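Residue numbers (the numbering used here), protein chains in the order written: chain A, 1 to 305; chain B, 1 to 509; chain C, 1 to 301.
Derived from the structure by calculation, the hints contain no laboratory data. Bear in mind the structure is a predicted one, so any value in this text is a computation, not a measurement. No residue lacks a Cβ here, since even glycine has one placed at the ideal position from N, Cα and C. Any given hint could turn out to be false.
What the hints assert, rightly or not - Capping the alpha-carbon separation at 25 Å, the derived lysine-lysine pairs in DSS-like fashion look like this:
(1) B/375 to B/326
(2) B/375 to A/66
(3) A/17 to C/129
Claimed, not checked - Taking CB as the label site, the calculated pair distances span:
(4) A/91 to C/182: 31 to 41 Å
(5) C/114 to A/4: 30 to 40 Å
(6) A/203 to C/192: 46 to 56 Å
(7) B/283 to A/25: 51 to 61 Å
(8) B/254 to A/295: 11 to 21 Å
(9) A/130 to C/114: 34 to 44 Å
(10) B/466 to A/48: 55 to 65 Å
(11) C/114 to A/290: 52 to 62 Å
(12) A/203 to C/182: 23 to 33 Å
(13) C/182 to A/7: 49 to 59 Å
Unchecked claim - With the C-beta cut set under 10 Å, the calculated list includes, among others, these residues of chain B facing chain C:
(14) 173
(15) 174
(16) 229
(17) 250
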Amino acid sequence: MTGYAVRRMFHAILLIKCVLVVVFLLLHITGDPTAIIAGPDATADDIVRLRTLMGFDQPLWVQYGKFFLGAVQGDFGKSFEYGESALALVFEHLPASFELAISAFVLSVVIGVPLGCLAAFRENSLFDRSFIGTTVFVQAVPDFWLGIMMITFFSVHLGILPSFGRGSWTHFLMPAFAASTYHLARLGRLMRSQMLETLRQDFILTARAKGLPETMVVMGHALKNSAIPIVTVMGLDLGILLGGTVIVETVFAWPGAGRLVVQAIANRDFPVVQAVVFLLASVFVLINLAVDLIYAYLDPRIEYS
Amino acid sequence: MKKRWVSALVLAAAFVWMGSMAAAAPKGQVTLGMGGAVTTFDPHVFSSLPISFHHPNVFDTLLRRTPDAKLESYLAKSYKLLNPRVWEFKLHEGIKFSNGEPLDAEAVKFSFERIADPRLKSRQIAYFKSITRVEATDRYTVRFHLKTPDFELPSFLGIYGFIVPPAYYKKHPPEYLARHPVGSGPYVVKKWRKGEEVVYEANPNYWRKGEPSIKTVTVKFIPEATTRVAALLSGDVDMIDSLAPGFVGRIKSSANLEVISGLAPRANYIVMLIKKGAPWSDPRVRMALNYAIDKEGIIKNVLGGFAKEIAVLQGPGSFGYNPGLKPFPYDPGKAKKLLAEAGVPNGFTTDLYIPHGRFLLGKEAVEAIAGQWSKIGVKVNIKAVEWGSMVKTIQGRWNENVKPFMYFLARMDTAFSAEGMYAGAIVGNSIYGGFRDAAVDKMILNARNILDEEQREKAFVEINRLLREEKVPLVFLYQNFEIFAKNKKVTWTPRLDAKLLAYEVGLKE
Amino acid sequence: MMEDTRILGSYVHIGAMERAASLLSSLRRDWSALLGVFIIVAVVAAATLAPVLAPMDPYEQSLSRTLKPPLWSDGEHIFLLGTDHLGRDFLSRLIYGSRVSLIVGAFAVLLSGGVGLIVGLLTGYFGGKVDLVMMRVADLVLSFPFILLALATIAIVGPSLTVLIVVMSLRIWVIYARVVRGEALKIRGMEYVQAAHAMGGSHTRIICRHVLPNVMAPVIIIASLYLGRMIVIESGLSFLGLGVPPPTPTWGGLLSEGRTHLYNAWWVATFPGLAITFTVWGANLLGDWLRNVLDPRLRSL
Numbered sequence: 001m002t003g004y005a006v007r008r009m010f011h012a013i014l015l016i017k018c019v020l021v022v023v024f025l026l027l028h029i030t031g032d033p034t035a036i037i038a039g040p041d042a043t044a045d046d047i048v049r050l051r052t053l054m055g056f057d058q059p060l061w062v063q064y065g066k067f068f069l070g071a072v073q074g075d076f077g078k079s080f081e082y083g084e085s086a087l088a089l090v091f092e093h094l095p096a097s098f099e100l101a102i103s104a105f106v107l108s109v110v111i112g113v114p115l116g117c118l119a120a121f122r123e124n125s126l127f128d129r130s131f132i133g134t135t136v137f138v139q140a141v142p143d144f145w146l147g148i149m150m151i152t153f154f155s156v157h158l159g160i161l162p163s164f165g166r167g168s169w170t171h172f173l174m175p176a177f178a179a180s181t182y183h184l185a186r187l188g189r190l191m192r193s194q195m196l197e198t199l200r201q202d203f204i205l206t207a208r209a210k211g212l213p214e215t216m217v218v219m220g221h222a223l224k225n226s227a228i229p230i231v232t233v234m235g236l237d238l239g240i241l242l243g244g245t246v247i248v249e250t251v252f253a254w255p256g257a258g259r260l261v262v263q264a265i266a267n268r269d270f271p272v273v274q275a276v277v278f279l280l281a282s283v284f285v286l287i288n289l290a291v292d293l294i295y296a297y298l299d300p301r302i303e304y305s
Numbered sequence: 001m002k003k004r005w006v007s008a009l010v011l012a013a014a015f016v017w018m019g020s021m022a023a024a025a026p027k028g029q030v031t032l033g034m035g036g037a038v039t040t041f042d043p044h045v046f047s048s049l050p051i052s053f054h055h056p057n058v059f060d061t062l063l064r065r066t067p068d069a070k071l072e073s074y075l076a077k078s079y080k081l082l083n084p085r086v087w088e089f090k091l092h093e094g095i096k097f098s099n100g101e102p103l104d105a106e107a108v109k110f111s112f113e114r115i116a117d118p119r120l121k122s123r124q125i126a127y128f129k130s131i132t133r134v135e136a137t138d139r140y141t142v143r144f145h146l147k148t149p150d151f152e153l154p155s156f157l158g159i160y161g162f163i164v165p166p167a168y169y170k171k172h173p174p175e176y177l178a179r180h181p182v183g184s185g186p187y188v189v190k191k192w193r194k195g196e197e198v199v200y201e202a203n204p205n206y207w208r209k210g211e212p213s214i215k216t217v218t219v220k221f222i223p224e225a226t227t228r229v230a231a232l233l234s235g236d237v238d239m240i241d242s243l244a245p246g247f248v249g250r251i252k253s254s255a256n257l258e259v260i261s262g263l264a265p266r267a268n269y270i271v272m273l274i275k276k277g278a279p280w281s282d283p284r285v286r287m288a289l290n291y292a293i294d295k296e297g298i299i300k301n302v303l304g305g306f307a308k309e310i311a312v313l314q315g316p317g318s319f320g321y322n323p324g325l326k327p328f329p330y331d332p333g334k335a336k337k338l339l340a341e342a343g344v345p346n347g348f349t350t351d352l353y354i355p356h357g358r359f360l361l362g363k364e365a366v367e368a369i370a371g372q373w374s375k376i377g378v379k380v381n382i383k384a385v386e387w388g389s390m391v392k393t394i395q396g397r398w399n400e401n402v403k404p405f406m407y408f409l410a411r412m413d414t415a416f417s418a419e420g421m422y423a424g425a426i427v428g429n430s431i432y433g434g435f436r437d438a439a440v441d442k443m444i445l446n447a448r449n450i451l452d453e454e455q456r457e458k459a460f461v462e463i464n465r466l467l468r469e470e471k472v473p474l475v476f477l478y479q480n481f482e483i484f485a486k487n488k489k490v491t492w493t494p495r496l497d498a499k500l501l502a503y504e505v506g507l508k509e
Numbered sequence: 001m002m003e004d005t006r007i008l009g010s011y012v013h014i015g016a017m018e019r020a021a022s023l024l025s026s027l028r029r030d031w032s033a034l035l036g037v038f039i040i041v042a043v044v045a046a047a048t049l050a051p052v053l054a055p056m057d058p059y060e061q062s063l064s065r066t067l068k069p070p071l072w073s074d075g076e077h078i079f080l081l082g083t084d085h086l087g088r089d090f091l092s093r094l095i096y097g098s099r100v101s102l103i104v105g106a107f108a109v110l111l112s113g114g115v116g117l118i119v120g121l122l123t124g125y126f127g128g129k130v131d132l133v134m135m136r137v138a139d140l141v142l143s144f145p146f147i148l149l150a151l152a153t154i155a156i157v158g159p160s161l162t163v164l165i166v167v168m169s170l171r172i173w174v175i176y177a178r179v180v181r182g183e184a185l186k187i188r189g190m191e192y193v194q195a196a197h198a199m200g201g202s203h204t205r206i207i208c209r210h211v212l213p214n215v216m217a218p219v220i221i222i223a224s225l226y227l228g229r230m231i232v233i234e235s236g237l238s239f240l241g242l243g244v245p246p247p248t249p250t251w252g253g254l255l256s257e258g259r260t261h262l263y264n265a266w267w268v269a270t271f272p273g274l275a276i277t278f279t280v281w282g283a284n285l286l287g288d289w290l291r292n293v294l295d296p297r298l299r300s301l
């Protein structure tokens, strides 16, 4: 088990390094950003001067070498737009993104899992049917549209929720819900079908036949046995949420890393893009690692090859 | 004799006391919702529109623009041209920065030397490159020595060149200064959370007594237009900028809200890259393209009426504006005739680039233009691209193997001058221009060096006539109105430079 | 696990006709699947027959009739769903928009399906170094925040239909590849496959005869489930300004353009919103049903 964990760590680090190379190339192949940085009033001479100052006139491999040496020491350079350490800037924006992603994730688990279980227990009931219908439907609504509609209804029309931004817990409700719908629906449906299958299996039937109380059957047996695919999907969802709340952040003026990076890409603010991708990729990899280790705990039969 | 002195002193003291009574202390608070976020509070490194909305709240310039775009003295009490290559500025005495440092000639000298310092990699240097040396001749007198005569300098000193306290800015590294600004302006930054909000609090040491009127101004950054409107409608903010015309009706239907718009000196135009193989190398074709656009219809129906046709790049109030020039009227018949005369009776096909999300309703306007041009046989492939990749395309435009194309741009007349507008679109070496005419370049160069202001203006007026009537370097479209919406309890009047400055916002009693 | 293998082993030997018949009969019993099929057929029909169905030219603009409400008439035509900000017939744009939305969705799903299928087959069947490398590449793709990748690529290359399809395929080919690989791995170990191999069957033959038919079910399921997702993602990219460039109408583009007319021309945003929602809903219903019928184990998709 330890050896497995160490091997996985090694893979993870290698993976992050590859991600960094890809980002660097992706950005630098597109040419140097001096003209964009220089602003609309710069002349051709200004651009040449600025290019030298920023080091974009150097060969690509020299630039890469500098970037890599810096990155190894946790220095991604200074943002072209903010004039501050790119990494510090990203760290400043990440909490907001993570708050949103995690609250969306918690929402999808807290609502999706119990509703999915309930639907499974009452298979083919009216509740079950409407559960399925709603979850499939909710997945079909684009999240930005849902967000705008919610703001129009709850903030403008009813005036009960703040229309944008971050602050009290009421600020969380709409963005977290908008970001979670897809995952909530998927997790809920998965929980339902997983539970249905487990409930039909022999050992549950045996447990019931033995006269164990229903709740105990569910808690002790059914839940644990449905867990593996659920954990997989949850890990996947958390990863997607952490890296992908850009749209919801934009709609709700949520000051997260997603918006920071959208701006950074638009302004060709290379250090910030690199720092964001590095941090998000690291988080992804860590989550995958955690999921794998949880697997190993849940199902000791998994081979560690 | 002695008695008189005493009574004078008493009188003076009484005046000071009364003065402080009359100048009401700032009070109340206002929340603004803005689309663009400020990225730094270092006033010397960057230049961008959101930054130009924020830095004047905290920092002061030697000169500044009044709301109707006249250049007025600000930190400088007076200024004059000693000779074509030396400007002299006299400063107000006794001004202090918010940290208590005195604002004197040394501070001015330090600030400009900081901008010129290559280690800072400043992008404002574009505005001040004519300056060779800044000299503090006495405590409150500064002289700018120039390489070449630069009559535009005062204009830029009204926008950039913020004065900062030398001791503080020497002591701290740039990373720190980017977050913790100290200036002499009406507000200090009390709290700043990037991408979220800036909280300004009235500077108690502000040297113009009785200003600003609001104690706390909070600026929230809301990038999405629909959310910004929702924030105003729900009362979460008191005022917003960049309102899309589609929302005007909804705002007007609320009893406590109103729409305020002001013509902004932002010229929208289409660059026709004039190079070998371009069907529009013939000025008649360029004229035809101008005649074939129903600007009035586009303004009325696409832009909600929030724009004004232009004849050249400049509007009223800009140095060198020629009031005698009329915008090209909509005349498809004449356009067809001109195309025929130029030998392209059946039109041609071209790519037209437009950066998405950068210019208000630019994409929609371009779609309309493409539709109108198709009626004279000019087929347009619209390429809506992201700004960065468009800049890259434009940079490579003169390469021989690049086919001629067109692109939609808008340019802000920040300096309110013909020269400023020509620099970006007309002169041969401009970074976004598509027109190279040695004769025009020479005329512009000559004009900028004319010492007499009246003669200089005349020269630019004449160049504008030439551009409109003979050269037709661009497809001239319109100037936008900047649209704001606010709660009626907020008092504010739009500026001709379209800036929303926190210190100009007030509250009704 | 035993049960799954049994299912898998059995349906290989059922004839194609029988399978189709059983699919159809199950479709008749499942009203929601029927609804899904109905919606998708309707949208595909609208897309293919757009030139016939659309009452007007979707590109023909007239500034004298901008933002007219549904059922407005200029005396000559009736604009059933009104007009847009350039006076174009909105119904026609919506009908033509279905083409691009479907093309983006379908091609993204097909392209990624093709790549994923090949990669999955090769890695699963042959294993070894190819497997190792490809699975690392898959990890790499998965550890990249998708939306950032999409943003960066489109921002740099410039938006176009092709770029959009490629970018959206970039992410999901991995999903196909992983599932197909798992199946191929399993099938490779089965007795009858090993027997075929022992009898001298070539790899190509074995893959085509035995492995491919068995992995088709998951491929079809993934494709149908992600078709809707792709349409939704296209609209999200349009919202960020990176969708299919104008004047080509796409539902995502219409929807995100329409949001600035939320209060003064409700139809401009409402109809594309409904179109997206119902189409995706239909695709999801269909996908759900296909999964339940063909391979219930794939419920985590």
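So, going through the hints one by one against the coordinates:
1. Restraint check: the Cα-Cα separation between residue 375 of chain B and residue 326 of chain B comes to about 23 Å, which is no more than 25 Å; the hinted pair holds.
2. Pair hint residue 375 of chain B plus residue 66 of chain A does not hold up; C-alpha atoms about 55 Å apart against a cutoff of 25 Å.
3. With a CA separation close to 20 Å, the supplied pair residue 17 of chain A and residue 129 of chain C stays within the 25 Å bound.
4. As the Cβ distance of residue 91 of chain A to residue 182 of chain C is approximately 38 Å, the hint placing it in 31 to 41 Å holds.
5. Range check, residue 114 of chain C to residue 4 of chain A: Cβ separation about 34 Å, and the 30 to 40 Å hint holds.
6. Between residue 203 of chain A and residue 192 of chain C the Cβ separation comes to about 31 Å, which falls outside the hinted range of 46 to 56 Å.
7. Separated by about 45 Å at the C-beta atoms, residue 283 of chain B and residue 25 of chain A break the suggested range of 51 to 61 Å.
8. Under the hint 11 to 21 Å, the C-beta atoms of residue 254 of chain B and residue 295 of chain A, about 56 Å apart, miss the expected range.
9. At roughly 37 Å, the beta-carbon separation of residue 130 of chain A and residue 114 of chain C lies within the given 34 to 44 Å, and the hint holds.
10. Between residue 466 of chain B and residue 48 of chain A, the C-beta spacing of about 30 Å breaks the proposed range 55 to 65 Å.
11. Checked against the hint of 52 to 62 Å, the C-beta distance between residue 114 of chain C and residue 290 of chain A comes to roughly 33 Å, which is inconsistent with it.
12. Checking the proposed 23 to 33 Å range against residue 203 of chain A and residue 182 of chain C shows it holds: the Cβ atoms sit about 25 Å from each other.
13. Separated by about 21 Å at the C-beta atoms, residue 182 of chain C and residue 7 of chain A break the suggested range of 49 to 59 Å.
14. Interface restraint check for residue 173 of chain B: the shortest CB-CB distance to chain C comes to about 30 Å, outside 10 Å, so the restraint is violated.
15. Restraint check, residue 174 of chain B versus chain C: the minimum CB separation of about 28 Å is more than 10 Å; hint violated.
16. Taken as an interface hint, residue 229 of chain B checks out: its beta carbon lies about 8 Å from the nearest beta carbon of chain C, inside 10 Å.
17. Taking 10 Å as the C-beta contact cut-off toward chain C, the hint placing residue 250 of chain B at the interface holds, the least distance being around 4 Å.
The structure does not agree with the numbered hints 2, 6, 7, 8, 10, 11, 13, 14 and 15 stated previously, though it agrees with the rest.
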